[in-house]
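Chemist: The lines below spell out each chain.
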Amino acid sequence: MIEHPKKVVILGSGALKIGEAGEFDYSGAQAIKALKQEGIETILINPNIATIQTSDHLADRVYFLPVNPDFVERVIEREKPDGLLLSFGGQTALNCGLALEKRGVLAKHNVRVLGTPVEAIRDTEDRELFVRRLDKLGVPSPRSRACTTLEEALATAEELGYPVMARAAFALGGLGSGVCRDKAQLTERAHKALALSPQLLVEEYLEGWKEIEYEVVRDAADNCITVCNMENLDPLGIHTGESIVVAPSQTLTNREYHMLREVAIRVVRDLGIVGECNIQYALDPKSERYRVIEVNARLSRSSALASKATGYPLAFVAAKLALGYSLHEIPNAITKVTTAFFEPALDYIVVKVPRWDLRKFRHAVRRIGSSMKSVGEVMAIGRTFEEAMQKALRMIEVGAMGLYANSGFGSEDLATDLAEPTEERIFSVVEALDQGWTVDRIHALTHIDRWFLHKIAGVVRLGQRLRAAEELDAPLLREAKRMGFADRQLARMRSGDEDAIRALRTAHGIHPVLRQIDTLAAEYPARTNYLYFSYHGLEDEAAASPQRSILILGSGAYRIGSSVEFDWCAVNAAMTLRKAGFNTVMLNCNPETVSTDYDESDMLVFDELSLETIAEIFRTLRVEGAIVSMGGQTPNNLALKLHRAGFRILGTAPESIDRAENRLRFSALLDELGVDQPEWAQLADGAEAKLFANKIGYPVLVRPSYVLSGSAMAVASNDAEFERFIGRAAAVSREYPVVISKFFDNAKEIEFDGVAQDGEIVEYAFCEHVENAGVHSGDATLVLPPQRIYLETMRVVLETARKIAAALRINGPFNIQFLARKNFIKVIECNLRASRSFPFVSKVANRNFIDTATRVIMGERVAPATRPFFDLPYVAVKAPHFSFLRLEGADPALGVEMTSTGEVACFGDNFYEAFLKSLIAVGYRFPIKSILISSGDIASKAELLESMKAFADLGIQFYATMGSALFLIENGFSATALHWPMETKKPNTIDYIREKKIDLVINIPKNYQDDELTNDYLIRRAAVDFGVPLLTNRQLVRRLAEALTYIKPDQMQIRSWNEYTSRVAGDTAPAPSRGHRPAGAIS
Amino acid sequence: MSNTPAPKRAPRPPAELVLANGMRFSGESFGAPASRAGEIVFNTGMVGYPEALTDPSYRGQILALTYPLQGNYGMQGGSEGALRSVGMESDRIQASGLVVADYAEDFSHWSAGRSLGEWLASEGVPAITGVDTRALTRVIRQHGTMLGKIIVAGADVPYYDPDADNLVAQVSAGAPEEFGSGTWRIVVVDCGCKENIVRNLAERGLRVKRVPWDYDFTQEKPDGFVMSNGPGDPTMARPTIERLREVLRGDTPVMGICLGHQLMALALGAKTYKLKFGHRGQNQPVRRTTDGRCFITSQNHSFAVDEKTLPQDWEPLFTNLNDGTNEGMRHASGTKFSVQFHPEAAPGPVDTATLFDEFLAKVQA
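Here the protein sequences line up with chains A and B, keeping their order. So for the first sequence, my numbering puts the first residue at -10; every next one is plus one. So for the second sequence, my numbering puts the first residue at 1180; every next one is plus one.
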């Protein structure tokens, strides 16, 4: 056994992004727990402030700093750790670790990488080294060669055999890629591709091959197991993050299953992995031929899924193995009587379905393929594929009822939608089956294994019977429930309502049973309550606790606008409840979360966030009530439904929630309270809407009904634009009205986060948006304490919040968004739930708002907080992270629709330090030596002059588009003019971006959103595609110019979170007004 | 609306699984339309129903699979050659019946020629789907293995206790048979031998003579003996044990697998006993006592060796990590060893196939 390290640095993954999301909060949190259990000091570097791993109860010290070699080295210098964990923070941590090793930092400071050695990581990351190792083992991998000439490409294809896949290297969005079935096709494609790109990759084309993954664990003593295997429903060609995935594999024979398992173990042993890794295969659907696609020598999205799918805590075990333990020395956390050296036997099937938000992005390409675009995922558990599959499709909350009885997913061209999938292909499969297409015909287009198609066909057949049946009698209802039909799905098919179906079900005694996940298929009793519901079963395996039980609703799938921050809230609520002696029941369906770790609550129900499921939880577990204010909008939306069905909602009354959520009612309330709001109207007629827009004056915000058009919100600046948006929303009608409201962009925006008890505010914080109004609050840069807001404005904001809290008798967390201009404020939104910024304000203020809110919800009297936010001796900035690189074609300009996928927050002695750190943490790179400027309309150009002066003083070289260059030169700057992208003339902006001659692109859009592929759009997109930092907001440009003027990179302080916050603790005098109303922010 | 033709298949007849303790599970029949009794056992493996069903060790037993989705990849076509095609561990389905939760009639696999149900029906073996196999497993876990029966369409049959019969005699080969080629000769004593044992030996260049359980193998002078797996209570195989005692006194290498391990223990004067519900699955963890290395093994046994009763010159070789029961033993000389699990896998993990290499080394030594 290796000697344990004394102090270990753990690298996190930073902001949530496409391809690197909540799963690394789970894995990092588990690693910290595993190390703490050994008495090892843990140091976490992760700027993602919304995560659970950055909570005060986990790591000994947290650094909210960028995970890059520069910052990490400085932390290492300071902390002098003897161990480093690289495999728990995704690719970000792994890349950072490899860079540190290469720079010699680890050797210099005597830091040992724990677990999988760096050489093994390198061998898996470097394609050439990897293939060489596989070759040596006699393990096949897909053959490919980078060719620079046509002759070379043709020779390679001859060697591989047609068809081959040809890909133009370094090309935008797979431009020039495609399948070539013969010499002629390859010749044509190679000609085109080699004109665009210096290289053409010619690959073996594994069309329709199955994609299979194994999660492998190995200890330092060479004991090795596979914890789980998974099969992608979507065959090779669709990224595994974009695929529907089942666990365990369904269509593999014993020989195939164990052949791939044996290869996995052989490869992992040879690589020398210590801990956990993932191996991906392609398997021929017509023989036992296979290829190893890749090995991820770290915890991954798949390993998080495998952990939740099996109950085997992969990250926790991997951390123990990194310390030198052997697998059999680690107890099985579920049975407590067996060890971690075993392979889970499942007696259920798990289905993962990704969640996409592609419609939110202007111009984004909706076809899915070999790159990941999904932003979240759900996992459903059932005793049959049909049950789990239908659950999963409801869980992603895109409006689907399951496989059958959906509206809004119609395909206009089934054959194309099946063969060239979008994120909605599964619904096209159903539609085709419903229209009588054969399984074989669909298989030929999709290559989806017939087994899956047959199962789906069975659901469709039953759906047709359910529609046609005269009576929904007990046998038919039972059959439907077992095939995964939800009450509300049946209600839609039988034109009834959900309550009626539930009543019918209850009358027939048809209920699901609570099943345990025990890792050993019931061979040994489980000591842990990890549960799911199934309609296939005779008996419940969990019973109501003798303690008072409280149900907490989690967030469901991560998506744009609802992400890890709500998991933090749910987990913290559970912690407070457990401490207070309640039996906590967590309900969630998102495998990327910490809330779905079965040790975070007393009972975990991994199932749908739906009325039906919650009703069954009330019935079986006899919970007292449900907390709906922690998991974001999904649980919040259930409040009124649950309440009306007779289930108790804890905290703010559902009536009040409805009053805040219902636009008409909330507006009336504000009028009653004398609180101003932007003018708005809900209109059922296009012409009326236009009249109203003219009455309040452009610009206006247009919100079409989502169901109807699927199109996003938009800002119209004139009649022409207005007509275009309304036109796109097809028919505006009474059923699908449009909401028009006055749009402000020259106002400040303020977030007010608070906790109230019986309508009295007991805790609150203001955050200021760095951007002016008009940028979605989820995409805005937030600063705490506020920097540029008048005291009077804050006084009015606080007073208004007090009025609203009192009027709605808020009991729990809430958030209000304000617009402010010259001390006049308007309320734009109010949510009677925890908001996105709760972890941020809680961690910056070092006051846990969720703990307070939970205690309030449970009826505990809480003394109002007394300390205002102004005496924080530091500033924190929260910055959004965008994943545009992954979203082919999407316009990266900020607007009214949220498009960021994650966030970070950093601390500083002042705004500028915190701001710069947070920019670095989301990928901005400094120093900047050259900027490409296209600075928008004349007002915008003028506003940026001061910043240009600052940049020029810093010695930054300017490139600009024609108009901007002229403006700069007229104002005494030197600037090089470049041609617009659509002009083919040189020197061209795009060339300069591509050739990395530009360090920062400033592109201020002239419109609120470009609906056409304009020059500006092409510049922004090129910046994203070639990895050049981009700013599209004037305020951000100005703050950056100031920051670079005042702060030098080496002046950025390396301080841990508690070093900042303890400065507060140090000067806290006993509060004289304790127990009374807060003194207020303006005292 | 749709124009999909209604499914053409006939409704399945009702079936019931009845346990000796009176519990009844209702479902539908998908195998042979015949009722059958036996001992109910559960297996937690997630793949490999053809291998399991044809494993002679299941003789007399009704096999309940804890993994709910079964039949997915159908069953490959007929058998061929002396050693049957992969997937078949003997020439027929050995289990008395099959119990599953969710049978897939619509199978999908390149190698499949028929459905699991068709195959079962063709061999006269009943099967039931729609059973809450998890509830069933919990009952067996709590009360131990018990007798039971699958009743199709109400046709009752009496209970049957396989332990009362000499099952080895039922499944063992009728006459000696030879496989493979090579200089080194191995005698496999077939007590219900899985074909993959023979395949593993033949693949390693060994000439294999498979002899019936009651064959006088003491007259053979091979380079090594393999005592095969098999069904039921090991004490039933008296003649085999007697002859084995003589073999074990000599220096010829011996490898025992599963029942073979138990027979060797009995021949050495040690004791065996019946486990509460046995080990059946592909995820059984064992630890080698000599070096602490751990392995995932395939297992299928009700009886176990009481290692406290082993003679002095024999020592435990493997221990089950879950419950501490004996999983293997070896002689001080190193030439003779046996394991409770299945290094030949089929179904299951192939991690311990290296034991055949070790045996080969001893044979060639």
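Treat the hints with caution; some may be incorrect.
Quick list of the computed label-pair ranges, beta carbon to beta carbon [unchecked claim]:
1) A:489 with B:1322: 39 to 47 Å
2) B:1491 with A:127: 53 to 61 Å
3) A:608 with B:1201: 22 to 30 Å
4) A:170 with B:1382: 49 to 57 Å
5) B:1469 with A:140: 22 to 30 Å
Hints are computed from structural coordinates only; laboratory data are not their basis. Ideal placement from N, C-alpha and C gives every residue a C-beta, glycine not left out.
Chemist: Now tell me if each hint is right for this structure.
Modeler: Results of checking the hints against the structure:
no.	hint	verdict
1	A:489 with B:1322: 39 to 47 Å	42 Å, holds
2	B:1491 with A:127: 53 to 61 Å	45 Å, violated
3	A:608 with B:1201: 22 to 30 Å	28 Å, holds
4	A:170 with B:1382: 49 to 57 Å	39 Å, violated
5	B:1469 with A:140: 22 to 30 Å	59 Å, violated
Going through the hint list in order, the structure does not satisfy hints 2, 4, 5.
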